[in-house]
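Protein chains in written order, with the numbering used here: chain R, 1 to 465; chain S, 1 to 275; chain W, 1 to 283.
For the record, the hints were derived by calculation from the structure and aren't laboratory data. Some hints here could point you the wrong way.
Claimed, not checked - Below, computed lysine to aspartate or glutamate pairings styled on DMTMM-like, alpha-carbon distance capped at 25 Å: (1) 116(R) - 417(R); (2) 420(R) - 195(R); (3) 242(R) - 80(R); (4) 239(S) - 80(R); (5) 5(S) - 45(W); (6) 239(S) - 51(R); (7) 251(W) - 213(R); (8) 447(R) - 70(W); (9) 420(R) - 45(W); (10) 451(R) - 199(W); (11) 5(W) - 161(S); (12) 57(S) - 80(R); (13) 276(R) - 195(R); (14) 57(S) - 303(R); (15) 91(R) - 184(S).
As the list claims (entries may be wrong) - Chain S side only, calculated, beta carbon under 7 Å to chain R, not exhaustive: (16) 50; (17) 232; (18) 233; (19) 237.
Please read these numbers as outputs of a predicted model, since none were measured by experiment. Glycine included, every Cβ here is placed at the ideal spot set by N, Cα and C.
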Amino acid sequence: MKKYLVVLLSALLGIGLMASMAMAQDVPTLEIIANGVEGGKNAQEIAYYKEFLVPEFEKKMAEQGQEVNVEVIETGVPDERFKSRIVMDMKAGRGADIIGFDQFWLSEFVEAGLLKPLQYFDSNWDKWEGWDQYYTGIKNMMKFKGNMYGLMKGSDVRMIYYNKQLFREAGIDKWWAWQPDSWQELLDTARKLKEELPDVTPLQLNAGSKMGEATTMQGFYMAHLGTGGRIYDQGLGKWVGKSQDLLDTLELYKTIYVDENLGDADMQVAAKAREKTFEAFQNEEIAMLVEGTWFWTDVIDPDAAWGIRTRDAQIGWAAMPAKNPGEGINGQDFVSISGGTGWVPSPATDHPQLTWELLKFIGSYEGKMAYMDYKPGAVTARKDVAQNSPVTSENFFLGTVGPALAPVSTYRPGLEEYPKVSVEVQLLTEEVVTGTAPKKAMENYSKELAKIVGEDKVANKPLEE
Amino acid sequence: MRLVKKLLFRVLFYFASVLLGLFFVLPLLWLFVTPFRSDPSLAVRLPANPTLQNFIKVVNNAYAMRAFANSAIQALGSTFLVVMLAALAAYALSRVDLPGKGIIVYILILFSSVVTGIAAMVPLFFLLLQLGLIDTHLGIVLAFSGGFLPTGIFLMKDFVDSVSLTYEESAVVSGASKVQIFKDIILPLIGPGMVVVAVFTFAQIWSNFLLPFILLRSNSKMPVSVAIYTFTNEIGMPKIGLISAYSLLYVVPIISLYIFTNRRYGFKFYGGIKG
Amino acid sequence: MISKKTAFFFLLPALVLIFIFLIFPAFWTLYYSLTDYSLLGASTEFIGVQNFINLFTSARFWNATILSFEFVFFSAIIGQAGVGLLLAMLFHRKSGWLKKLVRNLAVASWLIPAVVVAYAWAAFLDKEYGLLNQIIGIFGFTGIDWLNEVPMGSIIIFNIWRGAAFSMLLFTSALKTIPPSHFETADVVGASLWDKIKDIVLPQLKTFIGSDLALITLWTFNLFTPFLLTGGGPGRQTEILPIYTYFKAFKYMEFGLGAAISAVILFINLTLALVYLNYLKAE
Chain R
1 MKKYLVVLLS
11 ALLGIGLMAS
21 MAMAQDVPTL
31 EIIANGVEGG
41 KNAQEIAYYK
51 EFLVPEFEKK
61 MAEQGQEVNV
71 EVIETGVPDE
81 RFKSRIVMDM
91 KAGRGADIIG
101 FDQFWLSEFV
111 EAGLLKPLQY
121 FDSNWDKWEG
131 WDQYYTGIKN
141 MMKFKGNMYG
151 LMKGSDVRMI
161 YYNKQLFREA
171 GIDKWWAWQP
181 DSWQELLDTA
191 RKLKEELPDV
201 TPLQLNAGSK
211 MGEATTMQGF
221 YMAHLGTGGR
231 IYDQGLGKWV
241 GKSQDLLDTL
251 ELYKTIYVDE
261 NLGDADMQVA
271 AKAREKTFEA
281 FQNEEIAMLV
291 EGTWFWTDVI
301 DPDAAWGIRT
311 RDAQIGWAAM
321 PAKNPGEGIN
331 GQDFVSISGG
341 TGWVPSPATD
351 HPQLTWELLK
361 FIGSYEGKMA
371 YMDYKPGAVT
381 ARKDVAQNSP
391 VTSENFFLGT
401 VGPALAPVST
411 YRPGLEEYPK
421 VSVEVQLLTE
431 EVVTGTAPKK
441 AMENYSKELA
451 KIVGEDKVAN
461 KPLEE
Chain S
1 MRLVKKLLFR
11 VLFYFASVLL
21 GLFFVLPLLW
31 LFVTPFRSDP
41 SLAVRLPANP
51 TLQNFIKVVN
61 NAYAMRAFAN
71 SAIQALGSTF
81 LVVMLAALAA
91 YALSRVDLPG
101 KGIIVYILIL
111 FSSVVTGIAA
121 MVPLFFLLLQ
131 LGLIDTHLGI
141 VLAFSGGFLP
151 TGIFLMKDFV
161 DSVSLTYEES
171 AVVSGASKVQ
181 IFKDIILPLI
191 GPGMVVVAVF
201 TFAQIWSNFL
211 LPFILLRSNS
221 KMPVSVAIYT
231 FTNEIGMPKI
241 GLISAYSLLY
251 VVPIISLYIF
261 TNRRYGFKFY
271 GGIKG
Chain W
1 MISKKTAFFF
11 LLPALVLIFI
21 FLIFPAFWTL
31 YYSLTDYSLL
41 GASTEFIGVQ
51 NFINLFTSAR
61 FWNATILSFE
71 FVFFSAIIGQ
81 AGVGLLLAML
91 FHRKSGWLKK
101 LVRNLAVASW
111 LIPAVVVAYA
121 WAAFLDKEYG
131 LLNQIIGIFG
141 FTGIDWLNEV
151 PMGSIIIFNI
161 WRGAAFSMLL
171 FTSALKTIPP
181 SHFETADVVG
191 ASLWDKIKDI
201 VLPQLKTFIG
211 SDLALITLWT
221 FNLFTPFLLT
231 GGGPGRQTEI
241 LPIYTYFKAF
251 KYMEFGLGAA
261 ISAVILFINL
271 TLALVYLNYL
281 KAE
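Work out the full structure: start from the sequences and follow the hints.
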């Protein structure tokens, strides 16, 4: 009996040891991880890596006498799962050398000590000639507390998409080039649509936690910036709990979803809310939807999942107006907000110098031109790519939207608490669209905010009577 | 009167059986028709022009197909360990007097619910990291085995309890060794119990997503539960035709295992499970 | 009888595995419940019962706890055990294709991987195309958006469907331990079905019911699958404890808090199990 056990246990141990032995390799391998999978989620990005980046970079390095293998680690799962996986890898000091990374995670990761600035990988990082071609605003999205941590793929902007066909049927003035100048005009258009086309949902402004970050970005922020408000007051160095601007924002939600039923609140808080919204927009059941450029390139592209065959002719866009002209953030008439994803090098890499070489190649002119072919975006990170890419010149939408809205666009606060605050913002809008009074909801938000950032970091501003 | 009552019961029996049968079968119908449709949707429709296109696309995806081999390695490996070790342990527990052993096993089951849940993900990850078992099939097999052994022992113990001691005693009298007794007398008698534990464990592991996703790294080792995400569109929403086809293939092994074992051994608990 | 020593060696391999891969990470998790451990925290500190205080003062936690109790009570204790017992009784001392078919369908529902089941149910319950609404339509009713209009009801029915097989299997074999003469006597005196259940089945099956309830309560309390159907919504209407844990652990990366919720679930289950087992043994 004992013999049998000894055999069993040593077999277990032996297999474990064998598996744990590192495989000796002469040629250095670089890994790049992204939340995508061939044929599935973000397939275009994976195709870019596999078809362009891997062979081209290996070839380029071979020409310089450096053999290198590049491998792509595919995932293609919900974003929060991707995030937890890369965090665990980084915590354990292992994992891929270059990570596809959502820009709004940056501050959290840096504060947690998981990322290192670019000088860690190459002391001459700032001498790279590519930097001159990067738009400063986009470049700095990867900057935190004075240090640079990676490269942006590009950025985006947000606006109102509307269905011209429905506008025409409802008899909206200038349906072919509609542009509201205030919330009042936006709401009046919605009211008219509701009256003329009772089966159509006039306006969807994202709300609720089911939409995730899409609520904060293309819902809440797009309204809130129009009041001149921000969730973080740079001047005070505090997060804003209660304020008149916030209340006005919530009142807009209440008008749309509760008082006048100009929007469909059930759709916002439903399971698969986003999927349902896209489907409804495709089926011409939604007249106006506030979304990002990604919606145009990835959702309603004629070949995409909720493709609209006549997209270019039928779907128009308008800039999001401030509450009243001049009342927006920085005294603007129109507002937008930008986010985006990028690449960061992992401090766990065994080959810092090579990793930096790969990152530079990704961010180079040829790298970005190729990327633009695989995954067209509205706002690319490089000036020379914006000028020369056939995508921007051939594509009227991408060619016009970026230049028009980038100047009025702003960014999320690059603070480590932001992701948590963002979740509270989503819950705040959820409460309002499901019937909680704005003041009460704001009260709750202010309390939750204090739990996250600390009582002393919350500013409650006086409300108008 | 008696006859009427009997007839009434008969009608009631069929009515209840059919109703329950429908309750169980209706939600599954979609899975069996959709993969064969050329215009897959969420509706249950018989395919107008039956097609194998969805299956062909799925089968041509090397990653998704390799995932079946990975799932098989992980699920079979863990199931084998759980069944063997649970049988040994259950036998020992059943045959010795150990105060409070029932409660001990139940508490282990309680803990297993913690470990197979979300919160234990981080400890498990770092544990396997220390053991050098991250991104290995062995790591997955051991982690699953640890998690499912208590339930396995619990289910198995009941079968062992039911095996009469007289068999063993007469074998001892005939000079059989302990190992021989276990192998020749006990094992055949508790076979049905091992089958139940095997199917139960296999099913749980076959469907588990989180553990392999966290503990594995290479796509070449990922099981079906992870690879199923391949069949989504660019923004991560499922492609109905492909996902239903892959799902159907995913279901076949576990259902076959059940049908096979049920035919061969009968899939049932022995005399119920007592607390 | 085998000696204690032999028994120990029989137990050893299982114990080793259980100790390394179960007890150790479980206690590690419980330890986390006393810390502010976060994957994205710079450092981890021991904070005593602060996580529990935070939980017990959070409306969202109580919402999740109440929903979990509802979910367990209706879907497991009433639903799975009830349907399981019904199935077992219905087919007790019967044979034939109908019995085989229904039993096999129930077991299939129990064995099919969760993600597949979730796709099938999402299609089944779909407002516009789902089979359920089509059937309802035949009878002249208008279908509703089940997962949004009756979210708790939907996941409760779902879980009854999903898990009834286990109770059925358990009760089927348990019924076989009741001497057939009991039923025959009851038939002779013309006892009704309910009388049979009340006077024969329930008393004889008490211990079986106890262990069945302890197990399915535990499993249902820890069940994450409803997330694949409703994502905890609409709003927080189906945010049961495992889903709440998921949000805390994945969205906030607060594993300390997530571990504390696990500890709460563990404690609830331990209490309930003691209640079931004691109550049923005492009588």
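Checklist entry - Hint numbers the structure violates, sorted upward? => result Of the numbered hints, 2, 3, 5, 8, 10, 12, 15 and 16 do not hold.
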